[in-house]
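> Residue-level listing of the chains:
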Amino acid sequence: MERIQIVAIVGSLSFLGSVLLQIKKGKLREEYAFVWILSTFVLIVLSFWRNGLELLGHLFGVFEPLNLIFTGAIFAILIYLLHLSTTVSRLQLQNRTLAQEIVLLREKVENDRTALNDRV
Amino acid sequence: MVKSENHLSLQIQAKKCKWREFMGQLVKIAVVIPAYNEEASIASVVDAINSLSTENLRLTPVVVNDCSRDTTGELIARLKCVPLHLPINLGIGGAVQTGVKFAFNNGFDLAIQIDADGQHPPQYIPTLVSELEKNHWDVAIGSRFIDRQGFQSTLARRSGIRFLQWLLKLITGRSVTDPTSGMRLMNRKAMKVIYDFYPDEYPEPEAIILYYRRGLTFGEVPVRMNERQGGESSIQGLRGCYYMFKVTIAIIFTYLRK
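Top line first, the protein sequences correspond to chains A and B.
Just so you know, we're using numbering that gives the first Met the number 0 here: the first sequence kicks off at 0 and counts up by one.
Just so you know, we're using numbering that gives the first Met the number 0 here: the second sequence kicks off at 0 and counts up by one.
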């Protein structure tokens, strides 16, 4: 086993460890954890199985196998970012609706209180 | 859920019948004023609106304080108006929608949006109301460019506006002379549309497509607008480019959306 393999494996495993820790603490939703665990898994497999990359590169007809890693990784990141953008948009809309609901309720409460004060 | 929506549409129906008997009856109008850092001009705008109330036309200023960092919040608490203090900054569209939701929930017959910076002279409100009634519109838009009087904006803005006019005409087949005008009077049917969906930022041109898609009737009324009394326009320089980009995309996609 070469040195770079050991570095890659240790790196991937500690990343996996930190993802699992976040889930345990309840800080990361499982749906997101799934993506991260899956990508870490791919990294670990490729760290052990060096010929795997060559094989995959050959399969996709890539000239330099390393480029496959970059292309695949960038593509995955883009998709994930798009997913996050839609999530943020949805959260923003929900946030707005909640803020408006709070304002309208507060106005109603204030109104009721003044009406009550007038009567008492 | 379905049940409550039915209930809501019944309410609209009931209001619609009432609408026919408007002539000579008391009309309750919520004047929605979105305010972000408008301490310089808000008081005079609110006072001007209050002074316009008559026996048949009761105007209620609804000031939506969009989390201002100046003293707008404390100021409007002391004015004769309904103060709505947003806990977070929602942008102009979110603020207007808040006011419209208030108007709809509290049974107002009409709601009109007026800028807090003094650009929209409130004395045109009765004109907009009578035009809306006369033409049976759902929305009446105050336009600077029919009579071409009063403040006419800068050259860059006018060319942007010309492009929007062309785009809207292409899509709706109708000419709208002042698509960026924020001075809009709406009935309950239109309020319900805004209640359900309204853009966050730069909502005006997009809203016209929204009216068109939801089958609302609308028209324009000549209005002489002023230059802003206080505050700064949010659309300057690079923001102008972003504005055109955002609005164009939004217009096209609002049209394509079901």
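Hints in this document: simulated from the structure, not taken from any laboratory.
This structure is a prediction, so every number in the text was calculated from the model and none was measured.
Treat each hint with caution, since some may be false.
Stated by the list, open to error - Pairs of lysine-lysine residues, derived as DSSO-like cross-links and limited to a Cα-Cα distance of at most 27 Å, are as follows:
hint, chain 1, residue 1, chain 2, residue 2
1, B, Lys27, A, Lys107
2, B, Lys191, A, Lys107
3, B, Lys188, A, Lys107
4, A, Lys107, B, Lys79
5, B, Lys188, B, Lys27
6, B, Lys168, B, Lys257
> Going through the numbered hints above, which ones does this structure break? Give me the numbers in ascending order.
Violated hints: none; all satisfied.
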